[in-house]
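Input sequences plus hints: build the corresponding full structure.
Protein chains in written order, with my numbering: chain X, 1 to 268; chain G, 1 to 259.
The set of hints was computed from the structure by calculation and includes no laboratory data.
Where a beta carbon is used, it is the ideal one built from N, C-alpha and C, also for glycine.
A portion of the hints provided could be inaccurate.
To be verified - Covered, in the sense of this in silico footprint (three residues per stretch, anywhere, with C-beta under 8 Å from a C-beta of chain G), are these stretches of chain X:
{"hint": "1", "region": "144-156"}
{"hint": "2", "region": "163-169"}
Unchecked claim - Under 7 Å between C-beta atoms, here's a sample of chain X residues computed to sit facing chain G:
{"hint": "3", "residue": "176"}
{"hint": "4", "residue": "257"}
{"hint": "5", "residue": "259"}
{"hint": "6", "residue": "261"}
What the hints assert, rightly or not - Residues of chain X clear of chain G, computed beta-carbon distances all greater than 10 Å:
{"hint": "7", "residue": "9"}
{"hint": "8", "residue": "32"}
{"hint": "9", "residue": "46"}
{"hint": "10", "residue": "97"}
{"hint": "11", "residue": "122"}
{"hint": "12", "residue": "173"}
{"hint": "13", "residue": "177"}
{"hint": "14", "residue": "224"}
{"hint": "15", "residue": "254"}
{"hint": "16", "residue": "258"}
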Amino acid sequence: MSAAPKLLRIARRLLPLATGVGMIIAWYAIHLAMSSEQQFLLPTPHEVARAFVDEGPALWGAALNTGGGALLGFGSAVALSFLLALILSLSPLVRASFYPYLMILQMTPIIVMAPILILWVGPGLRSVTIITFLICFFPMVVNTTQGLVSTDRNLVDLFRMCKASKAQEIFLLRVPAALPYFFTGLRIGGTLAPIGAIVGDFYAGNSAGGQGGLGFLAIIYSSRFQMGALFATAAVSCLLGFVFVAGVIALSWLALHKWHESFSQTEN
Amino acid sequence: MSQVDAPPIVELRDVDKRYGDGPLILDKVSLAAQRGDFITLIGPSGCGKSTILKLISGLTPISAGRIVVDGMDPASAVERLAFVFQEPTLLPWLNVSRNVEVPLRLHGTAAAKRAEIVKKSLALVRLADRTDYYPRQLSGGQKMRVSIARALSVSPRILLLDEPFAALDEITRNHLNEELLAIRQQLAWTAFFVTHSVAEAVFLSNRILVMSANPGRMHDELPVDLPYPRTEETRESTAYQKLVGEASRILRSVELLKS
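What follows is the structure in structure tokens.
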């Protein structure tokens, strides 16, 4: 083994770490360069860390509420988008008659939907769930439908020659063939779900004790100028996003790694 | 190979084919295959060679004329034939043995019987040691073998092969040609084979049908009276090379007709 690749491997481990340390140093430097009356706008990393400890119970409680709403909204979007995609895949006519209205759903900004939802179902988990659902739903329907109608023509012919029933064609052929598309949609949805839940909570969260989520917490902290806690909220939101994406990646690995080309490098 | 008195296993008489209001693809095509024939269709692109396979398999109906497959119409005869596509056309999420048993599953064959047939089919294509592999772990030639094993699993009387080896390198293609003939020695099906390779056509078939294009018509027939089994030595024989030359000449004259 020559020295060059070994050095490269060490560099690959150390450089990301060095970048992180560099950013923290820059962060402190910017903080110190600010005038003393402005310094509160950019809390130092240790102030953020302290806020984590002080506000811990509130933060984790809020994360749990938001995570719950995100999971409910995402889960129902996965299930319903799959069902709708199955229906849409049946014929171009069905697709043509549904797509324009799906577009309306996608084009309407959530900020406008939120007050309507609050009046319909009240603020809190239900509104947050529906908002999350609305944000995730469309990309997942589109991807899964695309997958269901992209089945190899020859495979469909093979199934027809074997006198496969429509149900066999759908569930033994079209659905498994659509899985890679389905998981592409799931990744998009999984990225959007926590964001949707936080946005939903920001506009339609429940202010009653202990029921607010991260969006609601952000409003509270900003009104009190608790900058450290606000940064900590951002960090927890980010973490929630990572958890969702990691979950989706794990699921797609479970479903696809044995056979799909996208996992072939790691396998061979 | 064929008894002239027996009724043909596949017969097309004055068959026309067009898709919807589109142009005529096949114009009054007639052919008759006797049991055990290995018929290869060659001709310029767009002459409707593959369309003939689709008509025999019942994947698409004829527009005019008459077609009889094993004494019935193609849609009813579909269980007696198998199709090998240009691509391996495997289900990538199933391993080799699960892929081979797909037609059997769809026909509702019992699991024990399926396992037995899968084993036999994979042994025929010399892939008995690859049962748990997924398609992406196989080479192009191996994938095509799985595809052939799948076709054989239904014990077809008629095998339709649409340029199955076109994407393979020449050495692999020659090997698979020999294997295909070796399998045919054991299981006597009637074969319809489409190819662009004149050499492949001569090596495999006892009859070569040459078609012309725009619209597709039967142009000429070249009988190949080389004895089976055919091997590497067949390719070196002068009789074989003469036939390849003759088939190429006919094909060239058809190409000239087109322009």
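Hint-by-hint comparison with the structure:
With a threshold of 8 Å between beta carbons, the proposed coverage of the region 144-156 of chain X by chain G holds, since 3 of its residues qualify and at least three are required. Judged by the Cβ-Cβ criterion of 8 Å, the region 163-169 of chain X is covered by chain G as claimed, because 3 of its residues qualify and three suffice. A cut of 7 Å between beta carbons decides the hint on residue 176 of chain X: the least distance to chain G is about 5 Å, and the hint holds. Look at residue 257 of chain X: its Cβ only gets to about 10 Å from chain G, farther than 7 Å, so that hint breaks.
Taken as an interface hint, residue 259 of chain X checks out: its beta carbon lies about 5 Å from the nearest beta carbon of chain G, inside 7 Å. A hinted interface residue such as residue 261 of chain X counts as satisfied when its beta carbon comes closer than 7 Å to some beta carbon of chain G; here the least separation is about 6 Å, so the hint holds. Every CB of chain G lies more than 10 Å from the CB of residue 9 of chain X, the least distance being 28 Å, so the non-interface label holds. Every C-beta of chain G lies more than 10 Å from that of residue 32 of chain X, the closest at about 56 Å, which supports listing it as non-interface.
The claim that residue 46 of chain X lies off the interface holds: its Cβ sits roughly 50 Å from the closest Cβ of chain G, which is beyond the 10 Å cut-off. Against the 10 Å criterion, residue 97 of chain X stays outside the reach of chain G, whose nearest CB is about 24 Å from its own CB. Listed as a non-interface residue, residue 122 of chain X keeps its Cβ farther than 10 Å from every Cβ of chain G; the least gap is roughly 44 Å. Not every CB of chain G is more than 10 Å from the CB of residue 173 of chain X (nearest about 7 Å), against its label as outside the interface.
Residue 177 of chain X, annotated as away from the interface, has a beta carbon of chain G within 10 Å; the closest lies near 8 Å. Annotated as non-interface, residue 224 of chain X keeps its C-beta farther than 10 Å from every C-beta of chain G; the closest such distance is 54 Å. With a least beta-carbon separation of about 13 Å from chain G, residue 254 of chain X lies farther than 10 Å from that chain, consistent with its non-interface assignment. Separation of residue 258 of chain X from chain G is inadequate, the least Cβ-Cβ distance of about 6 Å not exceeding the 10 Å criterion.
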